[in-house]
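Given next are the chains, with one letter for each unit.
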Amino acid sequence: MGNAVEIMGFTKSFGKFVAVEDLNLSIREGEIFGLLGPNGSGKSTTLLTIATVYKPTRGDIYVLGHSVTREDYIVRKLVSIAFQDPKAMWIDKPIELLTWHARVVGYSSSEAKKVVKEVLELLGLWEHRNKYFYQLSGGTRKKIELAKVLIQKTPVMILDEPTAQVDVLSKHALWDVIRSLKKDGRTVIIATNDMFEAERVCDRVGIIFKGKLRAIGTIGELKDLIPSGDVIEIHVKDRVINERVVENLEEFGLVKISEGVIKVYVNKGEEKVIDIIDMFRKHDIIIDKLMIKEPSLDDVFTYITGAKLRED
Amino acid sequence: MYKKSDLRDLSNIIKWDLMKLKNQKIFLAMRLSWFIVQITVFARVISLIVRGFTGFDYFEFYLLGIYSSLLYTSSISRGYVLADEFDSGIVEYHLSLPVKRSVLVIGRILGSAISALLFTLPMMFVILIILKLITMVLEIIVSIITAFLFSIGVVSFVVLVVLRFKSGDATDIFFGTIDALLIRLSSVFYPLPIIARIAPYYYVALVNPITHFSDFIRIIFIPEYVLYTLNPIGMVMYILALAIGLLVLLIDYYEKKLEAGSWK
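Residue numbers (the UniProt record's numbering), protein chains in the order written: chain X, 1 to 312; chain E, 1 to 264.
The shape of chain E in the complex, shown without the other chains:
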């Protein structure tokens, strides 16, 4: 009865996060409201202003940026879910299950990344419909794979932070601060050539994974955007390296150091 493959364990652990998805109706409603306001009001108003000053079509840029922002905040929100789970002692329960620690952590990260993706995919499709890009099947598949990798990286980072703080309050404060900051210090809403005029801002944006993700998504759907940003191969490699690197760090932490207790 206890002989089962690690793959099956992995699938079951992933189901934990998927099972909890329906419990996040309030979060989904909040994100959805934000999304509707963004696409119906801000995207149009800001695009009109930018076009008036520069002639640049900011609407496509802004809407694809909204998707990147949504995916990022949805992935970050996993940090709050995990912090809640620590508070409720769920982590102790999970650590006691007959599952390898590496399988447990990979399962939680994949489950969280899939959850974040499921949250945002409908909104991505709405954006693609508005931009009349919905027929670009191959591009959509590539963007989903990239989004999944990006989400893995973000969720792994979030879990590392949560485990480092071991405090619900500290987690709330930290993510409340960096959530807004990292979005602003990236090319999510401002093109890199504009950011380049402010040196420190530009260098932060260059190392910010959100810049790489949002601009790579733009290049997928608007190839000419490649002229305004970094090398797309480099960007996707950065996202991939970040996802794998942080996940490996997290696996090591789970296997060697993680234990229950000391949660503040």
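Chain X extracted, bound-state conformation:
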């Protein structure tokens, strides 16, 4: 599998404001890639440029080998996008909007009716088909935006905050739908500021902050970027730990002891846990309970950018 999207030295400015600066990024074919960052970090600008809605100020982006600056028409046939803000007038009806969309993306009249019905049913929206947009909830509007992409069935699909405003139950259903796209061999790019969503859905994640890519990798790789990335929490039976044990533990990483609970901050905890257990055995200390805890992606984001992902 090659790269579905190659972003090369991409910069986008609006007047003096630089939204994205010198971004270099490769997104592999068939993966679900998450662009993670707070509002205003440059995620949407990047995605909109991949979809040829914006033009790069500098650099270029290639979608399956086609340049967004020189072959934008071809790129638009390969990419579909569900926008962050649903694109419809308040007086539009989902069935009309989606049927028109299906016709524009290449379906015949009868095929359009069929695929729109299938997608609306898949997303649980069939009963809302004839309502006006102003009568729909924010979550339902977001699903209609997603429906456009599901109808279009392009090799590369962009979902800009696909589950924002969507209720928890529907979120899980939508994540299933998104994962099913990967099974169909499609490349899915998701912009999100929801850590849980990124962890649940994405194969790899790029952290973007203030217009610059700060880190990229699998969730595990990103967590390993934090020194002492895993936390090994050890509860011992008699709660007595001598200095010698502490010294030995410090060879693995930072050690903190509180109320008889030992916390060792290590990289790649799963590889070191056996050695730690052996060390305790040598000291004849019985381990009551041992857990390896991962830092959250939120911790990773905070560590890399020095900022909180969400104000709340």
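You may find that some hints are simply not true.
Claimed, not checked - Within a straight-line C-alpha distance of at most 27 Å, the following computed DSS-like cross-link-like pairs (lysine-lysine) qualify:
# : chain 1 : residue 1 : chain 2 : residue 2
1 : E       : K15       : X       : K93
2 : E       : K15       : X       : K210
3 : E       : K100      : X       : K93
Hints listed in this document are in silico derivations from the structure and should not be mistaken for laboratory results.
Following the hints, complete the assembly by docking chain E onto the known chain X.
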């Protein structure tokens, strides 16, 4: 699945505007009310006054002017529709569709021009019935083609302005001002020989496309009116040149410069 002709794309884009027509009931009701008041009250009263002073039959002149005015304001109203679409981010959606930018812009302009024409055609037929001109089939066809070209020119101008301002408020103010001004600075309601008495007014009216359209429509249905205005071939060429010229400018803008964002 993604192989389709540009013609098919064009037809689908045109359908966007036609699909939205039914959403403009309020605009249609407003124009219809204006039209009814014009033909039942103002046209008759003003014609009586003008006939009393000059002996000139102003009724035909005025009613055909009303049609020109209606078509112009309906075409201009597309500017408001487009500004609304910018506000709602529809333009971003359209720019992301697998359609060539030139096809997109031509489709939107043709769709808007057809919409404006559909809005006004029933009123045109009412005028022709009142003036007992409804049997002039060939003339009606020529007038519809001319109206379509005129509407293309106006809509292209409107879209260029909307894209230049990128502001719903600025668009409202601009069109609110020029809408009334351009109608007054033309031969829509005043014959050119009368306007000719005020030099600056006359020169503005000469370059105003609404003058060319309204007088050409009059010549089609009232051939003797040719004595009071400009060369009809010149007028229709002016309308055609304006439609093509502005559309080409707009295509160039869509292909090379247009992108989403910066909408105020």
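Index of numbered hints that the structure contradicts, given in increasing order: Those not satisfied come down to hint 2.
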